[in-house]
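My request is simple: use the sequences and hints to build the entire structure.
The sequence shown: position 464 = 464 (the numbering used here), numbered continuously.
No lab work stands behind these hints, which were simulated from the structure alone. Cβ atoms here follow ideal geometry from the backbone N, Cα and C, with glycine treated the same way. One should not assume that every hint holds.
Stated by the list, open to error - List of simulated lysine-lysine pairs, DSSO-like, C-alpha gap at most 27 Å:
id, residue 1, residue 2
1, Lys398, Lys464
2, Lys464, Lys411
3, Lys368, Lys282
Said to hold, decoys possible - Quick list of the computed label-pair ranges, beta carbon to beta carbon:
id, residue 1, residue 2, range
4, Arg300, Ile357, 16 to 26 Å
5, Pro155, Arg300, 30 to 40 Å
6, Thr73, Lys367, 56 to 66 Å
7, Arg62, Asp292, 23 to 33 Å
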Amino acid sequence: MDVRRRRMVPPPAVGVAHRQVPRALQAGDALPLPIRHTNLIFSALFAASLAYLMRRWRGKIRSSIPFHVVDLTEILAIFGLVASLIYLLSFFGIAFVQSIVSSTDEDEDFLVGPSAAPAPAPAPCVLLGSADTVSEKMPQEDEEIVAAVVSGKIPSYVLETRLGDCRRAAGLRREAVRRITGRQIEGLPLDGFDYASILGQCCELPVGYVQLPVGIAGPLLLDGQRFYVPMATTEGCLVASTNRGCKAIAESGGATSVVLRDAMTRAPVARFPTARRSAELKAFLEDPANFDTLSVVFNRSSRFGRLQGVQCAMAGRNIYMRFSCSTGDAMGMNMISKGVQNVLDYLQDDFPDMDVISISGNFCADKKPAAVNWIEGRGKSVVCEAVIKEETVKKVLKTNVQSLVELNVIKNLAGSAIAGALGGFNAHASNIVSAIFIATGQDPAQNVESSQCITMLEAVNDGKDLHISVTMPSIEVGTVGGGTQLASQSACLDLLGVKGANRESPGSNARLLATVVAGGVLAGELSLLSALAAGQLVKSHMKYNRSSRDMSKAASLSA
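So, in structure tokens, the structure goes:
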């Protein structure tokens with residue numbers, strides 16, 4: 001079934017009509033009145049038309065004249081009102097409306113199958129040339145636009161809307177920044193990126209894009225499947241080390257995983273006149289008899305968001321309400337926020353003295369290390385484990401089982417406890433999580449809670465083999481929405497077989513991605529601990545992390 005997103009279609013290449021460009025910005029046209037004078041004219045027209053119509057309509061009401069009976073003067077006033085309103089909205093409101101429409105309709109992402117054709121990359125702007133083109137080579141009309149941005153007459157953020165060409169807007173903004181700062185921004189690419197794909201979704205005010213290498217670790221043998229894990233990083237030895245861990249896991253029969261929980265959270269904070277009133281709301285929300293009613297109110301905001309529970313906490317007369325819900329294959333922050341807003345509006349009728357302070361009260365807790373995530377979980381709670389054979393420990397990891405078990409206790413457990421770690425009982429889970437997050441279009445800031453992990457190592461089978469596990473209670477990932485729809489990140493998701501939404505089983509793609517993240521962390525932990533136990537960490541980093549030579553030998557030694 002051909003289902004399309006309700007997204008703005010990217011503009012075609014330069015030279016192909018996309019939308020009518022304002023007359024002042026078309027090649028060969030003479031410039032009209034200054035923008036500020038045009039704004040004043042249309043504002044005055046809007047005010048005059050509205051005032052005239054209001055007087056006429058008031059007279060009709062008093063004289064019992066039907067509204068559909070109009071004369072030529074009224075027709076002209078209505079035309080002036082509509083025309084001026086359209087102009088003012090196009091100048092002041094389109095960018096805001098686009099951002100609202102693009103960022104709040106998460107559900108549409110679930111309807112896009114993996115076969116959807118990607119938008120073609122825009123052709124380089126022939127008017128601007130390369131990223132380092134100097135201003136004197138710019139066409140006169142572009143020169144005037146840049147000068148207006150530099151002087152503050154035209155806000156930089158309206159360029160995409162006014163020009164109808166996202167690539168051209170980025171180029172002109174870049175030139176304005178160069179003139180304002182006196183910096184050339186050399187080395188930051190401009191061409192080769194689809195700027196229309198991020199409009200109203202991923203990044204505002206773009207002037208280029210950052211290049212980041214992507215390496216592949218694997219195959220990771222997890223739950224009977226082979227995954228080649230994309231990792232975007234600038235840290236030398238990281239991919240090689242994770243790759244060595246994948247090799248050790250595969251030679252020992254693979255790893256297994258289990259998803260314990262799957263629920264995104266949002267916790268608004270409200271204030272009452274007294275703590276007693278806050279306690280009354282707490283009792284109401286946590287009463288099982290009210291859950292069905294709350295679910296109906298919450299669930300009507302989305303076809304995929306389903307309320308799972310509400311946990312409340314109080315601080316004086318302030319109440320923090322931690323809602324948790326399933327979100328399908330989306331990471332789900334927008335989805336749960338809409339559902340929570342529905343519930344707050346519903347509660348306002350029975351608790352009119354409730355003063356909602358914020359839709360987020362930090363009890364969620366998003367992008368901050370928090371014990372509530374460590375204990376209760378957020379996103380996907382995953383455990384991944386493997387048994388590494390003694391022969392593999394010696395041959396691939398260059399160490400022994402007893403040394404690894406002892407190191408894990410002294411470093412990851414006791415050392416982290418002395419440091420007062422919160423969810424940081426691991427060697428470097430954040431390294432792998434960040435690299436996979438960036439490669440697959442996740443929110444990099446959510447690495448904070450997603451990297452909470454405890455690594456456990458035990459000797460099994462009469463002390464010959466090694467049992468290793470990672471427990472990660474708050475992996476926050478999605479396969480639709482946000483950065484997952486960008487071409488490069490979408491390709492990495494496709495490599496893992498989790499691109500887009502799973503129509504047969506909503507949410508299964510996101511859960512599978514979470515297990516791959518945990519499996520990658522398992523491989524990374526195994527390899528780094530082995531390098532530390534064997535005393536290879538400094539040697540491998542000094543040799544390979546500072547060299548531009550062949551990296552093929554790094555996998556056998558690096559951490």
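Hints versus structure:
1. Lys398 / Lys464: The given pair, whose Cα atoms are some 15 Å apart, holds under the 27 Å limit.
2. Lys464 / Lys411: Judged against 27 Å, a Cα distance of about 22 Å means the pair holds.
3. Lys368 / Lys282: holds, 25 Å
4. Arg300 / Ile357: 16 to 26 Å: holds, 24 Å
5. Pro155 / Arg300: 30 to 40 Å: 37 Å Cβ-Cβ, so the 30 to 40 Å window holds.
6. Thr73 / Lys367: 56 to 66 Å: This hint holds: roughly 58 Å between Cβ atoms.
7. Arg62 / Asp292: 23 to 33 Å: For arginine 62 and aspartate 292 the Cβ distance comes to about 52 Å; the hint is violated.
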